[in-house]
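First residue of the sequence shown? That's 1 in the working numbering, and the numbers climb one at a time after it.
If you are wondering where the hints come from, they were derived from the structure by calculation, not from laboratory data.
Any given hint might turn out to be false.
Listed next, the in silico BS3-like pairs over lysine-lysine satisfying Cα-Cα at most 30 angstroms (straight line) [stated by the list, open to error]:
1) K31 <-> K42
2) K89 <-> K147
3) K89 <-> K117
Keep in mind the model is a prediction, meaning the values are calculated, not measured.
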Amino acid sequence: MSDTHRPDFKRAAISLFKAGFPVIPLVPGNKIPAVKWDDWQKNLSCRNINRYWDKHPDHEVGCILGDGIIVFDADTPLAISALEMFEQKHGLIPRLTAITARGEHHYYRRAADIYAKSDSHDSEKHAERIDIKTGRAIVAMPPSTGKEFAIRECEHVDDLSVASQAFIDDVFLHNGRQVPRPPSASMSPPALQPDDMDK
Numbered sequence: 001m002s003d004t005h006r007p008d009f010k011r012a013a014i015s016l017f018k019a020g021f022p023v024i025p026l027v028p029g030n031k032i033p034a035v036k037w038d039d040w041q042k043n044l045s046c047r048n049i050n051r052y053w054d055k056h057p058d059h060e061v062g063c064i065l066g067d068g069i070i071v072f073d074a075d076t077p078l079a080i081s082a083l084e085m086f087e088q089k090h091g092l093i094p095r096l097t098a099i100t101a102r103g104e105h106h107y108y109r110r111a112a113d114i115y116a117k118s119d120s121h122d123s124e125k126h127a128e129r130i131d132i133k134t135g136r137a138i139v140a141m142p143p144s145t146g147k148e149f150a151i152r153e154c155e156h157v158d159d160l161s162v163a164s165q166a167f168i169d170d171v172f173l174h175n176g177r178q179v180p181r182p183p184s185a186s187m188s189p190p191a192l193q194p195d196d197m198d199k
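Based on the provided sequences and hints, a complete structural model is requested.
Given below as structure tokens:
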């Protein structure tokens with residue numbers, strides 16, 4: 001791709017960083033981080049973003065979601081319909097969405113008392129299921145390959161709609177998974193029975 005037609009990844013990275021997104025450079029056309037994840041996060045700043053993209057203007061833009069952001073990734077029309085149905089059921093309106101090469105990403109804020117974890121599926125086998133990305137997960141963000149914002153009604157991450165626990169639980173149940181919950185410290189393994197000792 002020529003410089004004339006290449007998106008301005010540096011400008012996009014600065015804009016997203018100022019909006020509270022922990023950006024990270026990606027290998028062009030791929031979701032693979034182009035830098036060591038933890039080292040990059042420790043030194044994340046406008047200055048270092050400028051320096052990096054001045055040297056690598058073709059590198060695309062990703063976001064390290066962390067525990068504060070959750071993305072629902074619907075890769076098929078069936079999955080998009082299911083996601084929209086759950087949003088309507090729970091009265092949630094996404095304030096940031098992106099069109100992807102295969103479907104849509106809906107971005108939400110994850111409050112400290114809301115439990116979730118990443119969960120992915122084979123969309124060819126389970127076209128109705130919705131991938132969930134949060135925690136130590138990365139998503140490619142516009143203007144990376146195949147990504148463009150469809151809705152961008154928030155100035156900052158803090159302005160994202162908050163995903164409720166009931167909404168997240170419904171998506172997990174729809175995906176055929178148990179609802180996500182932190183392991184309970186009070187739960188101890190069952191006592192070993194005499195018949196189990198020889199197994």
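Hint check:
{"no.": "1", "hint": "K31 <-> K42", "in the structure": "holds, 20 angstroms"}
{"no.": "2", "hint": "K89 <-> K147", "in the structure": "holds, 27 angstroms"}
{"no.": "3", "hint": "K89 <-> K117", "in the structure": "holds, 21 angstroms"}
Violated hints are absent here; each numbered hint is respected by the structure.
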